[in-house]
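Let the sequences and hints guide you as you build the complete structure.
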Amino acid sequence: MTTAFHAGSTRSKSAFVAEASAWRWAARVAAVLPTAALVFVVAVLALKAYPAVKVNGTHFFTGSEWKIGSTYAPTVRTDGVAHPSGAAFGAWPLIAGTLQTSAIAVAIALPVSVGCAFALTERLPRWISRPLGFAIELLAGVPSVVLGLWGVLTFGPVLSRTVYPFIAHHLPTVPVLSFFKGTVGHGEGLLTGGLTLALMVVPIITATTADLFRQVPVLPKEGGEALGMTGYEVARRITLRWVRSGVVGATVLGLARALGETMALVLTVGAIFKLAPNVYSPMSTIAAAIATQLDSSLTDGTGFAVSSIAELALVLGVISVLVNLLARWIVLRTSFDGRPLRRAA
Amino acid sequence: MPGARRRRAYSALFRVGTVVSLLLVLSPALWLLAGVAARAVPHWQWSVLWTGLQGENGGLLGPILGTLVLMGGVLVIAGSVGVLAGIHLAGTVRTAKAGRGRRADSVATWLRIASDTLAGFPSIVLGYVGYVALVVGLHWGFSLLPALLVLSMMVIPYIAKATETALRQVPLGYREGAEALGMPTGFALRKVVLKSAAPGIVTGLLLALAIAGGETAPLLFTAEFSSTVWTGAFIHAHGFGYLTYIVYQYWSYPSAHANDLSYDAGLVLVVMVLLLLFTARLVVARTQRHAESRGR
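First to last, the sequence lines map onto chains A and B. So the first sequence is numbered by our numbering: it starts at 1 and just counts up by one. So the second sequence is numbered by our numbering: it starts at 1001 and just counts up by one.
Don't read these hints as lab results, they were simulated from the structure. Note that the structure is a prediction, hence the values are computed from the model and not measured. No residue lacks a Cβ here, since even glycine has one placed at the ideal position from N, Cα and C. Check each hint, because a few of them may be wrong.
[What the hints assert, rightly or not] A short list of chain B residues far from chain A (calculated; beta carbon distances all over 12 Å):
(1) Ser1021
(2) Val1069
(3) Ser1080
(4) Asp1116
(5) Thr1117
(6) Ile1211
(7) Ala1256
[As the list claims (entries may be wrong)] One side of the interface only, derived from the structure: several residues of chain A facing chain B at Cβ under 10 Å:
(8) Phe16
(9) Lys48
(10) Ala107
(11) Ile108
(12) Val114
(13) Phe134
(14) Ala135
(15) Leu147
(16) Ser160
(17) Val163
(18) Leu325
Written as structure tokens, this is what we have:
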């Protein structure tokens, strides 16, 4: 390295000064670019969605029909915005569908991921937990469209023949669980989508949680054991308590991923714009609707359908930004009382 | 206070639960890999890799090259911007009078929040914006450049974060030593700081490539699709082909050969991504062996 340095120093001093300021300015510009891109994205969405927001009003959030309207009949004007007659854009089933699939995914992924993280860091010997951890990491890398293809061709059909009828048959008819009863279908629907999504979220939460568990100091855990706590009590009252905020943060990031996922859901949920009557029925989400509707929206010469898609995209964008900020806030807020010693009396 | 028996039962239940949850993840993961392979392997022919695609016939040459071109483009655009952004966020070159102190740090914090927010944006929404602003707005048409820009927008935050983390792990002593020897800032950055942060940065780049290669949603409305091999046009190209589109569409086409192509494309994609992740893992493993002071 010394030789390289001397070779370099034969250049004039001003060349080095120029190089330093070039690095500094390039870095400064590059660091501003993501912010500029974010502003650009939000501005484009807002501009494009404005006519739709004006005409659709609150119906967008309550209505449950998504119709482009008649492209042959003469166009109608509402509030100065041209659109085909009979156009109706109600996104309630899509918004509800996005929340449903994500809720299923996170409800399953969270306990399973925490269990996996415990198994990987505390229970299994290193020679076996390392390759298993890598396998879970690889699962995160499988392209979502491949996961979706497997979901629609193999995973869904097999579940609908084996597991779904069993659940539907044996669950009691009480308020919440009755959503899991009724006809089982062929495996394209809410539950298949939610389970496929869970498979995508698990690696995210597991990787972060396992990392956090490794950072918990050994002494408090040994102290707990010396006091006669069982393995479960140490895990629940010391290890998990210690990193609680990090686990919550990872979960919310997984939720954000689930809300925005497109391809795995386009293929597995059946893409029907209706509220699912039971957990096995075909439905759709906002992201899947954007992917499947843009083509047909282009047939609307007034551009109103494309504008309504922009409103969908804006709603999805706002939801995911809020969820991301929530994750940040939770981690910041709880990172100081995450220590078990202050809370567990 | 629960009895000792109950506590022991809970503990046993917990032990079983951790192993069960591990199985709940690993068995579908294995099932997925086996399923992808089982659909592609029985009819697999190596010639798929170098035969051109004609409509629903032929092989995957165009789409494979297309995915590689996308990855290369992302490496150039997102790689340079992301690494530079990471250098700024880590504060490595913010040493001029104007860029020092609290105010610069709080600006960096805001830039970081914006970058994280962009990373959390659904990729389909970014694709839609690319369609509205670049494909239609600038009259670029479905082609390579809008696809590259949208993909880069997606992965720049990841690369910036990986670079920032890697730079922050470089011991302060290295930089102080370089300064004490009288090394110019830019020279020290290149030869000392970036060099020792290289493994972390390379890992981030490889992960970004894996994301870019496996993406579909933002490409549907920016690149659309074309079965021909890329002609070198960045805009006005009437579509640009890539592998994930074949997986997404060809499985539902009526012809059996098209379905087979879809499964083949899935297998090629999985192998490509696994190779990238495996390389990333090797980079990490190799460097951890040499640096005994680092690592957990």
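Hints, verified against the model:
no.	hint	result
1	Ser1021	3 Å, violated
2	Val1069	17 Å, holds
3	Ser1080	8 Å, violated
4	Asp1116	7 Å, violated
5	Thr1117	6 Å, violated
6	Ile1211	8 Å, violated
7	Ala1256	14 Å, holds
8	Phe16	3 Å, holds
9	Lys48	6 Å, holds
10	Ala107	13 Å, violated
11	Ile108	9 Å, holds
12	Val114	8 Å, holds
13	Phe134	6 Å, holds
14	Ala135	6 Å, holds
15	Leu147	7 Å, holds
16	Ser160	15 Å, violated
17	Val163	12 Å, violated
18	Leu325	8 Å, holds
This entry does not satisfy hints 1, 3, 4, 5, 6, 10, 16 and 17, going by the numbered hints stated previously.
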